[in-house]
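Q: Sequence:
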Amino acid sequence: MEHYRARLPRFRFVEGEHFLLLGREYELRFSRRILAFDDAFIVPRGDGEAVKNALEKLYRRLAREMIGRKVREQADRFNLTYRTIRIGGASTRWGSCNRNGDLNFTWKLIQCPEPVVDYVIIHELAHRLELNHSARFWAAVRRMCPDYKARQQFLKENAARFSGW
725 MEHYRARLPR FRFVEGEHFL LLGREYELRF SRRILAFDDA FIVPRGDGEA
775 VKNALEKLYR RLAREMIGRK VREQADRFNL TYRTIRIGGA STRWGSCNRN
825 GDLNFTWKLI QCPEPVVDYV IIHELAHRLE LNHSARFWAA VRRMCPDYKA
875 RQQFLKENAA RFSGW
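Okay, so the sequence shown: first residue is 725 according to the working numbering, each after it adds one.
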């Protein structure tokens, strides 16, 4: 994701600005104290930095819920195990998996369309079978996500839209 920095969108974090969730744009709205998502991102009114921090906090909460649910579904579907799921703020990778089965994802992933989110989750779960990017690894990814190449290409072509901030 790092080499896309020059094309990052520049957000002002003002009311009415639009932000992505699962590939769809939603309006940013201000409220007194509420931090919620209800067909719009609703955050407390404040200066740009305060709004940015509140919005990131909301994204992180949504990512924990959405990615956590999706990991459980995909792991069950393919009879794979993992130890933990962590949502962080990495700016150089969408996800990772270590030999202990700890899965890490950036909260920025949930800005992507749902099929792309699913691909990244499947990619990381496939590392539970092969902890590398060998031909056997990619064969496992292909079995679990036959159109993974299109989803992977989408990420390469659109990373700047989802990784800015």
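Fair warning: there could be bad hints in the mix.
Per label pair, the in silico range of CB-to-CB distance [said to hold, decoys possible]:
| hint | residue 1 | residue 2 | range |
| --- | --- | --- | --- |
| 1 | N803 | K880 | 25 to 31 Å |
| 2 | D800 | E854 | 16 to 22 Å |
| 3 | G740 | G812 | 26 to 32 Å |
In short, the hints are calculated from the structure, not lab data. Since we're looking at a predicted model, the values are computed, not measured. Think of the CB as a built atom: it goes at the ideal place given N, C-alpha and C, for glycine as much as any other residue.
Q: Would you list, in rising numerical order, the hints stated earlier that this structure does not obey?
A: The structure breaks none of the hints.
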